[in-house]
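*Asks:* Given next are the chains, with one letter for each unit.
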Amino acid sequence: MKKISLLLFLSMCFVGFAQNKQLLYGFSEIPQSLQLNPGGQITNDWYIGIPFLSHIHANFGMTGLSIYDVFADDGTDFNTKLKSTIYAMKETDYFALNEQYDLFSGGFAFGNGFIKNKYLSFGMYQETNAFIYFPKDYAILAYEGNHDNINRIFDLSDLNVSAELLTVFHLGYNKKVNNKFTYGVRGKIYSSILDVKSINNKGTFVTTEGESNFLNHDFILDLELQTAGLKSFLDDENSDISQDMKTLISRAFFGGNLGVGVDIGFTYKLTEQWTLEASIQDIGFISYKKDVENFNLDGNLTYEGINPLFQESEEGQTAEEYWDAVATDFEDLFQVDTTYTKYKTARPIKFNAALQYAFGKKNNQECNCLQVEEDYQNRVGAHLFLMQRPKKPQTALTAFYYRNLFSNFGVKASYTLDSYSYTNLGLALSANISGLHFYVAADNLLKYQNLAKAQSVSLQLGFNYIFKNNEK
Amino acid sequence: MLKIRVKTLCFFCVVGVFLSNCVSDVDFTQAEDFAISPTLDTSIIYFEEPASSFIDENGVEQTIVRDSVTIEVFNDPFTVDNLIKATFLFEVTNSINRAYQAQIAFLDDVDVVQHSFTISVDTSPTNQEILVEHLEVFENESLQALKQTTKLLITLTLLPSADGSVLDENTLGMLKFKSKATFYLLIDPST
Numbered sequence: 001m002k003k004i005s006l007l008l009f010l011s012m013c014f015v016g017f018a019q020n021k022q023l024l025y026g027f028s029e030i031p032q033s034l035q036l037n038p039g040g041q042i043t044n045d046w047y048i049g050i051p052f053l054s055h056i057h058a059n060f061g062m063t064g065l066s067i068y069d070v071f072a073d074d075g076t077d078f079n080t081k082l083k084s085t086i087y088a089m090k091e092t093d094y095f096a097l098n099e100q101y102d103l104f105s106g107g108f109a110f111g112n113g114f115i116k117n118k119y120l121s122f123g124m125y126q127e128t129n130a131f132i133y134f135p136k137d138y139a140i141l142a143y144e145g146n147h148d149n150i151n152r153i154f155d156l157s158d159l160n161v162s163a164e165l166l167t168v169f170h171l172g173y174n175k176k177v178n179n180k181f182t183y184g185v186r187g188k189i190y191s192s193i194l195d196v197k198s199i200n201n202k203g204t205f206v207t208t209e210g211e212s213n214f215l216n217h218d219f220i221l222d223l224e225l226q227t228a229g230l231k232s233f234l235d236d237e238n239s240d241i242s243q244d245m246k247t248l249i250s251r252a253f254f255g256g257n258l259g260v261g262v263d264i265g266f267t268y269k270l271t272e273q274w275t276l277e278a279s280i281q282d283i284g285f286i287s288y289k290k291d292v293e294n295f296n297l298d299g300n301l302t303y304e305g306i307n308p309l310f311q312e313s314e315e316g317q318t319a320e321e322y323w324d325a326v327a328t329d330f331e332d333l334f335q336v337d338t339t340y341t342k343y344k345t346a347r348p349i350k351f352n353a354a355l356q357y358a359f360g361k362k363n364n365q366e367c368n369c370l371q372v373e374e375d376y377q378n379r380v381g382a383h384l385f386l387m388q389r390p391k392k393p394q395t396a397l398t399a400f401y402y403r404n405l406f407s408n409f410g411v412k413a414s415y416t417l418d419s420y421s422y423t424n425l426g427l428a429l430s431a432n433i434s435g436l437h438f439y440v441a442a443d444n445l446l447k448y449q450n451l452a453k454a455q456s457v458s459l460q461l462g463f464n465y466i467f468k469n470n471e472k
Numbered sequence: 473m474l475k476i477r478v479k480t481l482c483f484f485c486v487v488g489v490f491l492s493n494c495v496s497d498v499d500f501t502q503a504e505d506f507a508i509s510p511t512l513d514t515s516i517i518y519f520e521e522p523a524s525s526f527i528d529e530n531g532v533e534q535t536i537v538r539d540s541v542t543i544e545v546f547n548d549p550f551t552v553d554n555l556i557k558a559t560f561l562f563e564v565t566n567s568i569n570r571a572y573q574a575q576i577a578f579l580d581d582v583d584v585v586q587h588s589f590t591i592s593v594d595t596s597p598t599n600q601e602i603l604v605e606h607l608e609v610f611e612n613e614s615l616q617a618l619k620q621t622t623k624l625l626i627t628l629t630l631l632p633s634a635d636g637s638v639l640d641e642n643t644l645g646m647l648k649f650k651s652k653a654t655f656y657l658l659i660d661p662s663t
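The listed protein sequences correspond, in order, to chains A and B. Quick note on numbering: this note's numbering labels position 51 of the first sequence as 51, and the sequence is numbered without any gaps. In short: position in the second sequence from 1, add 472, done, that's this note's numbering.
Derived from the structure by calculation, the hints contain no laboratory data. Every residue, glycine too, gets a C-beta built ideally from N, C-alpha and C. Mixed in with the good hints there might be a few duds.
[Stated by the list, open to error] Per the computed footprint, the stretches of chain B lying under chain A, defined by three or more beta-carbons under 8 Å from a beta-carbon of chain A, are: (1) 497 to 503; (2) 508 to 514; (3) 519 to 533; (4) 539 to 548; (5) 640 to 654.
[Said to hold, decoys possible] Residues on chain A that point at chain B, a partial pick, calculated with CB under 8 Å: (6) PHE71; (7) ALA72; (8) GLY75; (9) GLY145; (10) ASN146; (11) TRP323.
[Stated by the list, open to error] Partial list, derived from the structure: chain B residues whose beta carbon lies under 10 Å from chain A: (12) LEU561; (13) GLU601; (14) ILE626; (15) LEU628; (16) LEU630; (17) LEU657; (18) ILE659.
Can you make the complete structure from the sequences, with help from the hints?
*Replies:* What follows is the structure, given as structure tokens:
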């Protein structure tokens, strides 16, 4: 019990994640930006991601604390630091973790005309998400107990945890309608390997001054844990890991709990220099039908103590029976019911929008004989990210500057304001050397000197092979 | 092309310098010091009875009321490991014209008394409330006794009156009994 609580706490400290990819969004030189906005601008004729390496994304975030706050080697007592951190945190603080990597991805332009104005992209990626709100009232109860908290209502809804492992197969269609407007849509099939969530908890625990006795304890419990994909691993008799791996792989390839979703997006050139783009990702759901096991804790109890000497209860009840009844009340209260009810969960919807202004055409000293229109070398703009979370949406606002250094080499710098910090500087780089394309993006660069102080870090990188007709 | 390479190289050098110094001044072994010390309060026994409750169906005064309750929480391994102190607070209020004694005995699983104490409350000739508080602190030896306890035996004794009078249906007054326990825990996973 105590070990579990410590483990839980430490794992909470370790990693949490956000899903903002502010550096990648709108970075049209990177093909994977099309996964954030299916209606993004296309800058290649086809591309193929290097398998397993085309997109690697890791992102963690935590609000209210950093690892340094708790584990700083500063001579201060560990429990003092832990306590002050816990007391400073709120129930809306959270730990989030998001990891993604492409198994494969690719895309190609097509169309009947001379200029191919349609683009099909596809791929499959694996994703891990964990999101945990800080269970403030549980932490205070564990820290202090109820002794100094008479009349304090402990809110049991503070427990809000979810974690999942899934794969996503996707197919996107992008159409450049004219020079101003491009739209796109991406269909997704989710295959959930594992899903664990406890996000619909309700209830309170309060100790008040009693009437017949010193204290009155009031329990109102309505807690629920839903799992899909976990039971068969916990229950299985075999200790054969290869068997478990087989199960995992089959679930990854449409053998898990399935769901469908869609992304939509567009790019609109307001003027030659002003561009607006926006997208909504993951409008969809997963239906959990296989390997489902749910746990419920449901019950109310008011307890003032026991009256073994003069039971006023039913006639003829012996003291032993009376005591059994009290014990049964408590057992019922904490009785965990197991159900196998299917459930369906909407995917957390993500919204991105960016407005950018392009300027500074390349001063071409050579004769532009082909009359090819030169792109602007600089882009500056603002980006908004919103993501649905159980308690309130996660938001981030980014200002960015993009510079095309050479025809095949671009950098983007960002400054992000979000719930983690106000000092988040990021940098992305995209280089295309003879078709081999590499990109890397990382934020919170100021914290890289000591990552322990970072409240969030996001990193994306990948390799593609990109082919452009106009560069032949 | 060369220019690109130089710039790329510079970029990776800068990133490398950042990363080489990634996490510093942090000591994760401190987690071994993790300990919390919650204090829990819980109600235990109570009753509130008129004088007539001490008369049986034949109208005869009952001088002893006794019962036991099985309590498994004191010798639960979690309690044994983490309980560092406990206090039991009792409050007896008497407005009956008779003196009482309440004896609380702590019995282990073979019914051997590990610990016991008695609370006495005086007679109340004018039916005024007489209040007696008793705080029993469990530390050291008595704490060990508590950790072996699986049963509480409560014996309420009605002491004889000075004038030989006995209780009847019309005797005035109440006997009230309240109690709560406070458990001081120290949860230290490293011990």
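*Asks:* Each hint should be assessed against the structure and marked as holding or not.
*Replies:* Verification of the hints:
no.	hint	in the structure
1	497 to 503	holds (count 6)
2	508 to 514	holds (count 6)
3	519 to 533	holds (count 4)
4	539 to 548	holds (count 4)
5	640 to 654	holds (count 4)
6	PHE71	holds (5 Å)
7	ALA72	holds (6 Å)
8	GLY75	violated (10 Å)
9	GLY145	holds (3 Å)
10	ASN146	holds (5 Å)
11	TRP323	holds (5 Å)
12	LEU561	holds (7 Å)
13	GLU601	violated (16 Å)
14	ILE626	holds (6 Å)
15	LEU628	holds (6 Å)
16	LEU630	violated (12 Å)
17	LEU657	holds (7 Å)
18	ILE659	holds (5 Å)
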